[in-house]
Each structure stands twice: as structure tokens, then as C-alpha cells.
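**Student:** Take the sequences, apply the hints, and build the full model.
The lines below spell out each chain.
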Amino acid sequence: MSFFKLLIRNRLAFAGLIVMGLVLALVIATPILPLYEPNVTDTANRFLKPFEGGHILGTDHLGRDLLSRLLWGTQLSLAVGISAAVFAAFFGAAIGIVAGYFGGTTDNVIMRGVDMLMAFPYILLALAIVAALGPGLVNALIAVAAVNIPFFARNIRGVTVGIAHKEFVDAARLAGESHLKIILTEIVPNVIPVIVIAMSTTIGWMILETAGLSFLGLGSQPPQADLGSMLGEARSALITNPHTSVVPGVMILIIVMAINLLGDGVRDALDPRLRSGALTRPRPATLVEREGPVPAPVESGTLVLTDLQTQFRVGERVYKAVSHVSLHVAPGECLGVIGESGSGKSVTALSIMGLVASPPGVIVGGSAIYDGTELIGAPYSKLRSYRGDKVAYIFQDPLATLHPLYTVGDQLCEAIRVHHSVSKAEAWTRAVELLKQVRIPNAEGRAKVYPHEMSGGMRQRVGIAMALANDPDVIIADEPTTALDVTVQAQILALLNDLRRERGLSIIFITHDFGVVAQLCDRVAVMYAGRIVETGPTQEVLDDAAHPYTRRLIACVPELGEGRRELHAIPGLPPAVDRLPAGCAFAPRCDKAQTLCQVGVIELEGGASRKVRCLYPETDIAGMAKPVAQVPELKKGAGA
Amino acid sequence: MGGYILKRLVSAIPVLFGITVIVFLIMAMIPGDPALAILGSYATPENVEKLNRDLGLDQPLVARYFIWLGNMLTGDFGRSFSLNRPVIDEVLDRFSATLILAGTSLVLCAIFGIAAGVVSAARQYGFADKAITFAVLLGISIPSFFLGMMMILLFAVRWKMLPVSGMYAIYGGGDLPDLLNHLIMPALALAVVATGVVARLSRSAMLEVLRQDFVRTARAKGVPEGRVVWGHALRAAMVTIIPVLGVQAGFVLSGAVYIEMVFQWPGVGRMLVDAILKRDILLVQGGVVFVAACYVLFNIAVDVAQSVLDPRIKT
Chain A
1 MSFFKLLIRN RLAFAGLIVM GLVLALVIAT PILPLYEPNV TDTANRFLKP
51 FEGGHILGTD HLGRDLLSRL LWGTQLSLAV GISAAVFAAF FGAAIGIVAG
101 YFGGTTDNVI MRGVDMLMAF PYILLALAIV AALGPGLVNA LIAVAAVNIP
151 FFARNIRGVT VGIAHKEFVD AARLAGESHL KIILTEIVPN VIPVIVIAMS
201 TTIGWMILET AGLSFLGLGS QPPQADLGSM LGEARSALIT NPHTSVVPGV
251 MILIIVMAIN LLGDGVRDAL DPRLRSGALT RPRPATLVER EGPVPAPVES
301 GTLVLTDLQT QFRVGERVYK AVSHVSLHVA PGECLGVIGE SGSGKSVTAL
351 SIMGLVASPP GVIVGGSAIY DGTELIGAPY SKLRSYRGDK VAYIFQDPLA
401 TLHPLYTVGD QLCEAIRVHH SVSKAEAWTR AVELLKQVRI PNAEGRAKVY
451 PHEMSGGMRQ RVGIAMALAN DPDVIIADEP TTALDVTVQA QILALLNDLR
501 RERGLSIIFI THDFGVVAQL CDRVAVMYAG RIVETGPTQE VLDDAAHPYT
551 RRLIACVPEL GEGRRELHAI PGLPPAVDRL PAGCAFAPRC DKAQTLCQVG
601 VIELEGGASR KVRCLYPETD IAGMAKPVAQ VPELKKGAGA
Chain B
1 MGGYILKRLV SAIPVLFGIT VIVFLIMAMI PGDPALAILG SYATPENVEK
51 LNRDLGLDQP LVARYFIWLG NMLTGDFGRS FSLNRPVIDE VLDRFSATLI
101 LAGTSLVLCA IFGIAAGVVS AARQYGFADK AITFAVLLGI SIPSFFLGMM
151 MILLFAVRWK MLPVSGMYAI YGGGDLPDLL NHLIMPALAL AVVATGVVAR
201 LSRSAMLEVL RQDFVRTARA KGVPEGRVVW GHALRAAMVT IIPVLGVQAG
251 FVLSGAVYIE MVFQWPGVGR MLVDAILKRD ILLVQGGVVF VAACYVLFNI
301 AVDVAQSVLD PRIKT
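Protein sequences, first through last, are from chains A and B.
To convert, note that position 623 of the first sequence is 623 in UniProt numbering; the numbers rise steadily by one, no gaps.
To convert, note that position 212 of the second sequence is 212 in UniProt numbering; the numbers rise steadily by one, no gaps.
Read the hints as simulated data drawn from the structure, not as lab findings.
Owing to the predicted nature of the structure, the values given are computational and were not obtained by experimental measurement.
We treat Cβ as the ideally placed atom computed from N, Cα and C, and that holds for glycine.
Warning: the hint list may mix true and false statements.
[Said to hold, decoys possible] To give a feel for the contact side, a few chain B residues facing chain A, derived at Cβ under 8 Å:
(1) Phe146
(2) Ala236
(3) Val257
(4) Lys278
(5) Val284
(6) Ile313
[As the list claims (entries may be wrong)] SDA-like, lysine to any residue: derived pairs with alpha carbons at most 25 Å apart:
(7) B:Lys130 - A:Ile18
(8) A:Lys424 - B:Gly226
(9) A:Lys382 - B:Arg227
(10) B:Lys7 - B:Ala293
[Stated by the list, open to error] Partial chain A-side listing against chain B, Cβ under 8 Å, derived:
(11) Ala132
(12) Leu133
(13) Gly136
(14) Gly212
(15) Leu231
(16) Ala237
(17) Ile239
(18) Ser385
(19) Ala400
(20) Glu414
(21) His419
**Tutor:** The structure is reproduced here in C-alpha cells:
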């Protein structure tokens with residue numbers, strides 16, 4: 001979208017634009033409006049109230065017409081403030097570009113100087129400059145511009161450094177162009193948006209500052225008046241005749257507010273990071289907006305998911321991250337959920353406890369039943385009481401998932417104390433015990449360190465200890481070993497395996513690695529593009545995968561002692577889930593695909609334990625309907 | 001920790017040095033005879049000559065700088081001609097009044113600004129967020145001197161709740177309640193702009209943090225939402241907010257100049273403005289250097305606080 005469209009669409013910025021336009025129109029028209037002379041005194045008519053004696057806004061302490069003085073003062077204030085902004089931007093940008101472009105010692109010396117200037121509270125610098133040059137409007141303008149130069153210099157330098165070593169600049173340099181020409185033709189056009197942003201956010205402030213210096217009597221000198229000096233002169237009559245103060249004060253407020261609104265709009269329109277509204281905070285629990293009735297569960301187990309559907313809504317687009325996923329896990333059982341990144345496996349896991357970031361995530365249907373209780377759409381308090389206590393998560397990358405500023409022990413204690421009212425000391429003892437259980441050496445000492453002081457493997461153990469803190473019934477492990485090296489990975493898997501045998505835990509283990517599934521999981525569900533494409537007991541699936549995609553995934557695992565087996569990467573990419581093709585989502589990448597594969601809806605079919613979503617599976621599965629069309633015109637009829 | 005503080009103090013030396021150079025250079029821009037500028041146009045020739053000798057004004061620029069610097073290092077900031085008093089005495093008296101005012105405002109802006117930012121972020125796009133965003137916009141757009149004047153009209157003149165101006169009552173005042181009574185309005189008026197800025201930045205810092213994985217972990221543990229926001233998220237956001245408070249201290253000190261004028265607060269800002277209008281150059285010079293140096297030291301304190309707050313910073 002174009003800059004101006006974005007700006008206009010922002011209602012507040014648009015309001016600012018209109019107000020500013022009106023003020024500017026008034027100010028430009030001031031010389032031709034039928035106004036009193038701004039500086040003609042009439043002491044007989046001093047302090048007239050608004051609308052008295054033909055003065056719309058009344059008169060000031062010398063009987064001068066306030067409306068006329070207001071408009072002329074506004075003109076002066078705007079001219080001075082805008083000039084200050086332009087000077088500051090020009091010199092600041094020049095300094096910043098020179099520092100950023102030449103780098104090295106030049107940069108060092110300039111930026112040190114800039115840092116020195118920024119070490120002052122700005123007004124001290126402005127006051128010192130005015131003290132040296134003497135009070136007066138031009139000197140105030142110089143002072144305000146000068147104290148703002150460092151701000152521009154620093155910002156522009158940062159951007160220039162980023163550009164100065166881009167290919168096109170190097171190319172220009174190699175072509176033997178002069179520095180000045182490179183700066184003017186290559187650098188300046190690229191830093192202009194930054195200058196505009198910096199100006200639009202500081203111009204209101206500079207108008208305030210020049211008005212401030214005038215208010216102090218250091219800016220415009222009588223009889224000439226800008227808004228600040230009008231306010232300063234009116235101050236002595238504040239109590240007896242407040243309208244003389246209110247008039248210029250409100251004008252400053254209106255102008256600065258309009259400029260700030262406009263400036264924010266300009267920044268939002270120019271700063272790509274803010275464009276898509278990327279900075280939204282996730283709610284405490286994922287939004288649930290059911291599009292149909294709650295499905296009745298078919299399976300049984302500790303945790304049963306039926307027809308779960310989760311979407312991401314970004315603007316007009318809808319990404320169907322999870323489409324009709326049904327899973328279940330029994331006590332002491334480990335279910336593997338496997339798929340490439342983006343297959344929806346993590347979103348499935350996070351949906352269960354309402355942890356999908358929302359916005360943009362929305363659960364639109366399905367059911368997740370833990371111990372007879374429906375979790376999808378459950379009130380937040382219910383969900384919270386189960387989180388970590390009954391159903392716990394282990395996340396990937398514990399450096400990001402552990403709080404960086406709390407000690408490991410404190411984070412464990414908190415996990416315990418949010419569900420059990422025990423003393424800090426008791427919780428701490430239990431925390432140390434948990435660390436020992438996950439085989440962290442010197443657990444007492446380790447409880448007192450911060451996550452960044454631990455190794456990746458140790459951090460992951462802390463993540464596991466935290467999941468175990470309240471002895472949950474279900475643990476959902478989202479790629480807990482992906483970031484770890486192979487030996488540590490093996491240790492962690494063994495640890496999880498022991499724990500589920502000892503405690504009868506149900507584990508849902510999410511991974512993209514069939515090797516891990518083979519080691520740990522009783523059953524496996526394979527996900528592709530938000531759907532389950534095959535499910536069954538791990539060994540059966542490994543031995544004789546039915547879905548071509550599963551076969552490919554298994555082939556990706558290198559095996560030791562198998563001689564020179566090549567790694568089979570799967571060609572192509574998974575489809576974008578905002579525009580899934582009809583039929584089988586894998587069909588475009590599948591070498592067995594037929595015309596029928598790309599039509600209609602292909603169901604997940606099979607018996608109680610094994611199911612596959614494929615018209616032409618690689619192997620026969622009990623309970624599957626034969627493909628509808630074994631028709632002769634399909635030449636490559638294979639498989640079923 | 002002690003070593004870190006020392007290291008930061010040492011690193012401040014060049015900055016302090018730079019501040020004196022900048023102030024000196026600005027003052028060297030004064031057109032005409034500096035001794036005349038310092039003493040005012042009614043100075044006798046003998047006085048001008050004596051000052052020229054004392055300050056080395058007849059010497060080259062560099063020598064003059066070092067004489068000035070040496071004098072300051074021994075606590076001699078010169079003598080104010082308009083007050084007929086050593087500059088340092090006057091500055092110290094006035095600065096303590098400014099510290100009370102600006103310090104109170106800084107605390108107020110930290111408390112209200114952070115609270116508003118957190119509420120705003122946690123209720124993003126909700127009513128509270130919109131209300132706070134509007135209040136913040138109003139707060140950062142209103143000139144503090146105008147706001148101060150309006151507060152006087154309302155609270156002092158119309159409702160007679162608070163004294164119009166000054167730091168103590170002229171008769172029978174001077175105790176703490178009296179001081180607080182006089183402090184409320186100027187401290188609030190001064191805090192408004194900074195509160196707006198702190199609220200804005202706190203909101204965006206919180207929005208940034210609330211998206212982080214460790215917040216999801218806290219929720220997955222079953223931590224109640226209030227604790228997730230005011231504990232986990234705010235704790236992490238403070239790392240971004242504390243430096244903002246350091247910068248705001250500079251803005252509060254700057255705004256104090258206007259507020260001291262409006263409320264007749266006997267602070268260093270009013271002293272500087274009076275000194276400029278009376279062309280009392282030595283008083284301006286000494287005041288600016290002193291306050292800027294204090295501000296540098298304050299920012300070191302902010303850095304130290306930051307290192308306490310964030311164990312990832314190597315100390």
C-alpha cells in the first residue's frame with residue numbers, strides 16, 4: 001500500500017493532518033484577513049473579555065487584539081519551529097552521513113563529540129548557547145536546532161553504516177565515482193525516509209522548545225510575539241485575566257498534538273515493522289471461535305483430541321495450520337507426532353492448553369478432553385489450573401523459553417507454588433530434588449544460576465524438571481532435543497523414557513526426526529500441511545509405511561552400518577496452508593500422484609490402530625476402502 | 001560490583017572533560033570583550049583589568065581553558081557579579097531545590113508511566129489501552145509551563161487546595177508538610193510529559209516481551225496472568241525501561257527550568273534564566289557545568305542499576 005494511503009487510513013493521523021491543514025491555511029491567510037493590527041496598543045481597552053468591543057478573543061494587557069496576535073504568533077512559532085527542525089535535520093544528517101560513510105577515525109571522532117553533546121540535559125546546552133549569543137528569536141532558533149543535531153546525527157549514522165557497505169555502494173566506489181557523488185546519489189536517497197521519520201517525530205517537540213525559550217523571555221523580544229512569549233507575557237495576569245494565557249496555550253497544545261498525531265502516522269506508514277500490526281501481544285489463552293458443534297470423541301485415553309482445527313488469521317488471509325486433527329494418548333503411552341516444520345504439529349500441541357499466540361491464532365473447532373473435561377473453550381481459570389499441573393509442556397530452545405532474569409531454582413519453585421501452597425523453602429528443596437531427578441550434577445549449586453550460565457543440555461534438563469514439577473499426567477514435548485547434540489539427545493530421551501515408565505506419564509512427543517520416534521514412541525502420527533496423513537504403532541509404520549510421505553520421511557533418517565546410503569531429501573516445499581490444494585496436499589511432491597489425488601477430500605481411513613490418508617497407499621491397510629476409481633484411463637494405477 | 005562502579009566512573013572522566021570543553025567553547029562565542037560581558041557594561045576599568053588577570057582572559061584560548069578547568073577542580077567556579085556571591089555556593093543552594101522537584105517528578109513518572117504502559121500493553125486495543133494512549137498523547141503535547149499555569153488556576157485559585165507558588169510558606173512554614181504542600185503541583189506538572197514518554201516506551205517494551213517464548217513458558221506452567229504480566233514480562237521489560245528512565249531524567253531536569261519559572265521554585269533552572277537575562281556569564285557557565293556533571297553521574301547510577309537488574313551484563 002502506498003505511503004499516503006496508509007497515512008490516510010490511520011484515522012488519528014488523518015485528523016492530525018486536517019487540523020494542521022486548517023492551522024496552516026489560517027496562518028497563510030493571516031496577512032489578508034480583516035484583523036486588528038497585532039502590535040497597536042490601546043490601554044483604555046486592556047483585558048477585554050472575548051467578544052467584547054469587537055475583539056473575538058478579547059485583548060491583552062496592552063489592549064492589543066488577541067486573535068490577531070494569536071494568528072501572527074502562530075505563524076512565527078511555526079516558522080521558527082519548522083526552521084529549527086530543518087536545520088537540525090540538515091546538519092545532523094550531514095554529520096551522520098559523513099561519520100557513517102567514511103567510518104574509522106572520522107566516525108570515531110565525530111560520534112564521540114555527538115556523545116558528549118548528548119551527555120547534557122538538552123536545555124542546559126540551549127541555555128548556554130542563548131547565554132553566549134544573547135536572548136533573541138534567531139538565537140533561540142539556533143540553540144534549539146543545535147541541541148537536536150546530535151539526535152539526527154546518531155540516527156542517520158546508524159542507517160548510513162548499514163548502507164555504506166552494500167553492493168551498489170561498493171560498485172559505485174569501484175567505478176571510481178567521487179565520494180560526494182556516491183553520497184548524493186546512493187546514500188542520501190536511502191536515508192531520506194529515516195530523516196522524515198526523525199523529523200516528523202521531533203518537529204512538534206521543537207515547536208514546544210522554541211515556544212519554551214520565548215516563554216522564558218529568551219526567545220522573541222517585544223513587541224514581536226510568538227506563542228511562547230504571548231504566554232510568558234500573559235503569565236503575570238494569569239489569575240486576574242486567565243483568557244490571555246489560555247488562548248496561546250491552547251493553540252500550542254492543538255498544534256503540537258496535531259503534529260504528533262501526524263508524526264506517529266508517518267512513522268507507522270514508513271516503518272515496515274509496524275505495518276502489518278506485527279506488534280500484538282498474545283492473550284492469556286487462545287481465542288476459541290467455534291464454527292460448528294463440539295465433536296464427540298471417538299477414542300479414549302488420558303488426553304483425547306478430536307477434529308481439532310486451529311487457524312492463523314493475518315489480515316484477509318486464513319492459514320489453516322491444523323485441520324481436523326484427532327489424537328489420543330493413554331496412561332504410560334508415548335505418542336510421536338512427526339512432520340516437517342510448518343506441518344502444524346507444534347500448533348496442535350499448543351492448542352490443547354490454549355497456548356497458541358492469539359492474535360493471530362484462533363481455534364475454530366474440535367475438542368480436547370483431559371480426564372473428562374473439555375479444554376477447548378474452557379474458562380481461563382480452569383485452563384490455568386490444569387496448565388503445568390495436569391498437562392505440562394517441554395519446549396524447544398530453552399534459552400528462549402526459560403526466563404533470562406530469574407534463576408533456574410526460582411523458576412522451578414514458581415512452577416510448584418502456583419499450584420501448591422507450600423513455603424518457599426519447601427519449594428526450593430523440591431526444586432533441587434527435581435534437578436537431581438533430571439541428573440543435573442551439583443543440583444544445589446545449579447539451582448542458583450541463571451539460564452544463560454548453563455549449557456544447552458543442562459537447560460533442556462531444567463525444562464524437563466519444570467514440566468515434572470507438579471507430577472503431571474500428560475507431558476507435551478515440543479521438539480525438546482532438536483537444539484542438542486546427539487549424545488545429549490540420547491541422554492534426554494532415555495530420561496523421558498524412564499520417567500514415563502516410573503510414573504505412568506502420557507507423553508506426546510513432537511519431532512521431525514523418525515530416528516527419535518523409533519527410540520521413544522509407542523505410536524506415531526505423521527502430519528503434513530496441518531493434517532494427519534498416517535498413524536499407527538511405531539514399529540508397523542517404520543517397517544511398512546503406507547503413505548508415500550511417511551516413506552520419504554523415514555528415508556531421511558541415516559542409519560549407521562548401512563553402508564553408503566544417500567540422504568533422501570524430499571524435493572519441493574510443503575504447501576502454504578492459506579491456499580491448500582484440493583485433494584491430497586502432498587500430491588504436488590508425490591511421484592505416485594494421480595489425477596484423482598487432486599480432487600475432493602481424501603479421508604483418513606483404516607482400522608482401529610492404523611490409518612492412512614492416501615488413495616494409493618504403499619501397503620495394504622486393513623479396513624480401508626478401495627480407491628473409487630481404478631479406471632483404465634489412469635495410466636499409472638499403482639499401489640492399492 | 002565495586003569494580004564495575006569504579007570502571008564506569010573512570011569511563012565518565014573523558015565525558016566530564018568533554019562537557020567542560022563544550023561549555024567553554026560555547027562561552028568563547030560571546031562577542032566582544034569577555035570581561036565586559038562578565039562584569040556588565042557598568043564595570044570600572046580596574047575591575048575589568050583585574051578580572052582579565054584572574055581568569056587569564058588576556059591569554060590564548062587553550063591556556064584560558066586550562067586555567068578555568070584548574071580553578072573548577074579546586075572548587076572555584078568564580079564569583080557571580082549579579083549576586084555578589086561565589087558561584088558554587090549559589091549553585092549548590094539552588095541545585096538542592098531542583099533535586100527535590102526533579103527527583104519527585106522522576107519517581108512519579110516512573111511509577112505512573114510504567115504502570116500505564118503495562119496496563120496499556122496487557123489490554124492492547126481495549127478500552128484502557130485507548131484511554132491511556134489518548135492521555136499519553138495529550139500529556140506529551142501539552143507544554144508543561146501551560147499545564148502548570150492551568151493547574152495554578154484550578155487548584156490554587158479556584159479550589160484553593162494548594163499554594164500558588166514557592167517552595168515554603170513565607171510565614172510559619174519550612175517543615176516537611178509545608179514543603180510537600182508546595183511540591184505537589186510543580187512535581188505533577190513536571191512529571192506529565194515524562195510520564196507520557198515512559199508510558200509509550202513501556203507499552204512497546206511490554207508488547208515486545210509479551211511475545212517472547214518465556215512468557216508462553218510461564219503461561220504453560222500455569223502462572224496466573226497477573227503475575228505473567230506484572231512479574232515475568234515486566235521484569236524482562238525493565239531492562240529496556242531503565243535506560244529510558246535515565247534519558248527521562250535529562251528531560252525532567254530540562255523541564256524543571258519552565259516549571260521553576262511558573263511556580264517560582266528557587267531551583268537552578270530559574271537561577272540560570274535570571275543569570276542569562278542579567279548577563280551573569282560566570283553563573284551560567286558554572287551552573288551548566290555543575291548540573292551536566294551531576295547528570296553524567298546519575299547516568300552511571302542508572303547503568304549500575306541496570307547491571308544489578310540484568311545478570312547477563314558482565315560486571
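**Student:** Decide, hint by hint, whether the structure agrees.
**Tutor:** For each hint, the structure was consulted:
{"no.": "1", "hint": "Phe146", "in the structure": "holds (4 Å)"}
{"no.": "2", "hint": "Ala236", "in the structure": "holds (6 Å)"}
{"no.": "3", "hint": "Val257", "in the structure": "holds (5 Å)"}
{"no.": "4", "hint": "Lys278", "in the structure": "violated (10 Å)"}
{"no.": "5", "hint": "Val284", "in the structure": "holds (4 Å)"}
{"no.": "6", "hint": "Ile313", "in the structure": "violated (11 Å)"}
{"no.": "7", "hint": "B:Lys130 - A:Ile18", "in the structure": "holds (21 Å)"}
{"no.": "8", "hint": "A:Lys424 - B:Gly226", "in the structure": "holds (20 Å)"}
{"no.": "9", "hint": "A:Lys382 - B:Arg227", "in the structure": "holds (17 Å)"}
{"no.": "10", "hint": "B:Lys7 - B:Ala293", "in the structure": "holds (17 Å)"}
{"no.": "11", "hint": "Ala132", "in the structure": "holds (5 Å)"}
{"no.": "12", "hint": "Leu133", "in the structure": "holds (7 Å)"}
{"no.": "13", "hint": "Gly136", "in the structure": "violated (11 Å)"}
{"no.": "14", "hint": "Gly212", "in the structure": "holds (6 Å)"}
{"no.": "15", "hint": "Leu231", "in the structure": "holds (6 Å)"}
{"no.": "16", "hint": "Ala237", "in the structure": "violated (11 Å)"}
{"no.": "17", "hint": "Ile239", "in the structure": "holds (5 Å)"}
{"no.": "18", "hint": "Ser385", "in the structure": "holds (7 Å)"}
{"no.": "19", "hint": "Ala400", "in the structure": "holds (4 Å)"}
{"no.": "20", "hint": "Glu414", "in the structure": "holds (7 Å)"}
{"no.": "21", "hint": "His419", "in the structure": "holds (6 Å)"}
Hint violations for this structure: numbers 4, 6, 13, 16, all remaining hints satisfied.
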